[in-house]
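Enquirer: Protein chains in written order, with the working numbering: chain A, 1 to 430; chain B, 1 to 430.
Note that these hints are calculated values from the structure, not bench results.
Hints are not guaranteed to be accurate.
Note that identical chains are pooled: a pair holds if it fits in a single copy or bridges any two copies.
Stated by the list, open to error - Here are the simulated SDA-like cross-link-like pairs (lysine to any residue), alpha carbons at most 20 Å apart as the crow flies: (1) Lys305 <-> Ser57; (2) Lys305 <-> Thr56; (3) Lys58 <-> Arg302; (4) Lys58 <-> Ser41; (5) Lys209 <-> Gly386; (6) Lys176 <-> Leu426; (7) Lys128 <-> His150; (8) Lys311 <-> Ala407.
Here are the chains, one letter per residue:
Number of protein chains: 2
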Amino acid sequence: MKSYQEMSKEELLACKAELEAAYKEIQDRDLSLNMARGKPSSAQLDTGVGLLDALTSKDNLFSEEGTDCRNYGVLDGIVEAKRLMAAIMDVKDPENVIIYGNGSLSIMYDTVSRSYTHGVAGCTPWCKLDQVKWLCPVPGYDRHFAITEHFGIEMINIPMLPTGPDMDMVEDLVSKDPSIKGIWCVPKYSNPQGITYSDETVKRFARLKPAAKDFRIYWDNAYVIHDLYEDDKDSLLDIIGECEKAGNPDLVFEFASLSKVSLAGAGIAALACSKANREETLRTMTIQTIGYDKLNMLRHVRYFKNLDGVKARMREHASSMRPKFEALLHLFDTELSGRGAGSWIAPKGGYFITYEAPEGCAKAIVQLCKEAGIVLTKAGAPFPYGKDPRDSVIRVAPSFPSAEELAVAGEVFVVCVKLATVKKLLGEAV
Amino acid sequence: MKSYQEMSKEELLACKAELEAAYKEIQDRDLSLNMARGKPSSAQLDTGVGLLDALTSKDNLFSEEGTDCRNYGVLDGIVEAKRLMAAIMDVKDPENVIIYGNGSLSIMYDTVSRSYTHGVAGCTPWCKLDQVKWLCPVPGYDRHFAITEHFGIEMINIPMLPTGPDMDMVEDLVSKDPSIKGIWCVPKYSNPQGITYSDETVKRFARLKPAAKDFRIYWDNAYVIHDLYEDDKDSLLDIIGECEKAGNPDLVFEFASLSKVSLAGAGIAALACSKANREETLRTMTIQTIGYDKLNMLRHVRYFKNLDGVKARMREHASSMRPKFEALLHLFDTELSGRGAGSWIAPKGGYFITYEAPEGCAKAIVQLCKEAGIVLTKAGAPFPYGKDPRDSVIRVAPSFPSAEELAVAGEVFVVCVKLATVKKLLGEAV
């Protein structure tokens, strides 16, 4: 099959006419589908709803250490919840895990906010500094970038490679510039590309020698157990262990949550870090709250029991997610491969597929999809300030639609990609 | 009965000997009781544990507006939870209520923190100001003062009168000093005195003309429905309505939570305010979280159904709390009235009784109690920086112990109060 680049103008015009007709036909179908966010599907949530039955008034409502979970108390979470989250995050010492409320995003917000108001490890609070900068591997997670932007932190793009962020660039910048205070990382099945950081990348992170004493790696291990294939999982080194080995124990904050394990928005979330970081975090946390919801912690522990229970659940998830990923990737392979209309990575886990369209086409494709009733993540969203310098990256979220809906949405997406590519090559406004 | 002040030295010495013998006898009993915090008792929690059965996997898990509460979404809370909290808080428009996670303390922390980092109503963020001051009616709630202290805000004591804070002083300070940005209020059954602000006090709050455009009243309506007597409740004017009438709609943030209604630490919490304050709050909240736990919101709505359901629950609470308050107050009346050993207010609701000991005796009494196995709130805690200028106020929290335990603890408390008073009058170190 010829790529669009190899076609004559006449061939391109013929393609365009055909694609426009297909697009018109799609528009007439009055579709309304959403591939914008990494939301679990209803079917997936159905399989996890037993969580609600895991704790009733008839049950023992005391933690294993004897705390009445119906009452106030226990700032950093019940020990069995710490143990469960430590096992999930592959963190050795459950003592260094703090259990929070229903989302890890607010832990990250709190951590940045606390650094801004009170500083890190005795350093000047960021609000008293003229300039604070942050490294942002791109494409990345829009909600991460929104936090740093909210605090007026200058964000610097770091290219993602197949092994993770460009570590030459990270090492160079971090070692020279003391105004760089952090980096956002989604180290396993990254949002949105699905890349897992290589062992070498993790080790290089652990060995960083930042110019700023208060530089921290924000390690958002959001998809730590979100594998698609039981026998073909990516593996990720334990960053906390690597930092300890490298003599940099305080370099990292690691975040995780059960929102995409139990029920979205009704899970529990956790922070893992060194003893010093933990103690500093708790000094603010004790001002901020009397403690998070221990009954929901207990509910999760009773429901999952242990890591095996969590893994069993994740196999159910995978069986619902896998066909969606495969269907979309199959469609890309058959319809878009070799057409010169963009490229993609086939992830082995996580919640997203990233489609890299020809330069200057992403916004147009998202807009075409929107006008055909398919909502995608806004073009540019995976970049700081919403600015994709090449206008090329599109995040596709296959989790929410049903398999049938996804087949339709994928078909529309393919037509829009082709149409935008062809128009671009013809020099038309896309 | 003679007061201690009327006694001769010999009589005092005789009293002291008798009290010391009684104290020694108490110490030999190896007691271990806690009246330090406003924690519900186990018996009280037993009556609310049905909450856990209010939402099962068999139930409809959609909100009345059709939101799947198992999934992400809805930043400000499901509408039925807003309506329930609005009814509890006596706020007219549920739209102006935002539902949060399990505690109101973290809403207050967030609100101060956001003002510090991003400012209020377009004013300079407090972190960029040389000085920020705050008014603190005293005695008050130690966790309030901890928040403002954490942000380096200078706290100014405002005396509490039987009608609420000294409004002459509040009006005077607020109208003159633009560095005063807020005031902590527990307007109904105040922590720790149990005072409810008079209608005139609420109206004067609503009519304040602060020098600072970003001055806000922090109205912590923690005990809004925590009455002890069905037929003898304090009533509190709706501050939000009063502020609107006075042309000051943006003057107040009102906080409440169900921690002391359903289960402590597993409830839901709410912020009520004007439209402008709500919109400003949501602009940060959308960065901070994808949304709070909607299943716990739904669980509470299904459990209580409506305000009547909540009121029925609070009558159960009252029947457990009332005998404790009455037993302690009866003990004070019979053992301490007319002795010149301090004074107290009998509250009609809330969680605390405040004992005002003779000047210079509070620390000593708390210490004597501690050494006899009775833990009280630290003396000084109800004041900013933990400093009671008269060393006189003791917060007594009768909620947690059983009636039997409370009888014992009360007896010990009385002996310690008398002993400290007598030693003080004798000029001995207390």
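Enquirer: The structure should be examined with respect to each hint, and the outcome stated for every one.
Expert: Hints, one by one, checked against the model:
With identical chains, the CA atoms of lysine 305 and serine 57 are at most 20 Å apart both within one copy (19 Å) and between copies (18 Å). When the C-alpha separation of lysine 305 and threonine 56 is checked against a cutoff of 20 Å, the pair qualifies both within a copy, at 16 Å, and between copies, at 19 Å. In the homo-oligomer, the alpha carbons of lysine 58 and arginine 302 lie at most 20 Å apart both inside one protomer (13 Å) and across protomers (19 Å), since each shortest distance falls under that limit. With identical chains, the CA atoms of lysine 58 and serine 41 are at most 20 Å apart between copies only, with a shortest distance of 18 Å across copies and 31 Å within one.
Proximity of lysine 209 and glycine 386 under a CA criterion of 20 Å is satisfied in neither setting, with 30 Å inside one chain copy and 42 Å between copies. Taking the shortest Cα distances, lysine 176 and leucine 426 never come within 20 Å of each other, neither inside one copy (45 Å) nor across copies (69 Å). In the homo-oligomer, the alpha carbons of lysine 128 and histidine 150 lie at most 20 Å apart both inside one protomer (16 Å) and across protomers (16 Å), since each shortest distance falls under that limit. Neither within a single protomer nor between protomers do lysine 311 and alanine 407 lie at most 20 Å apart by alpha-carbon distance, with minima of 28 Å and 52 Å respectively.
Violated hints, in rising order: 5, 6 and 8; the structure is consistent with all others.
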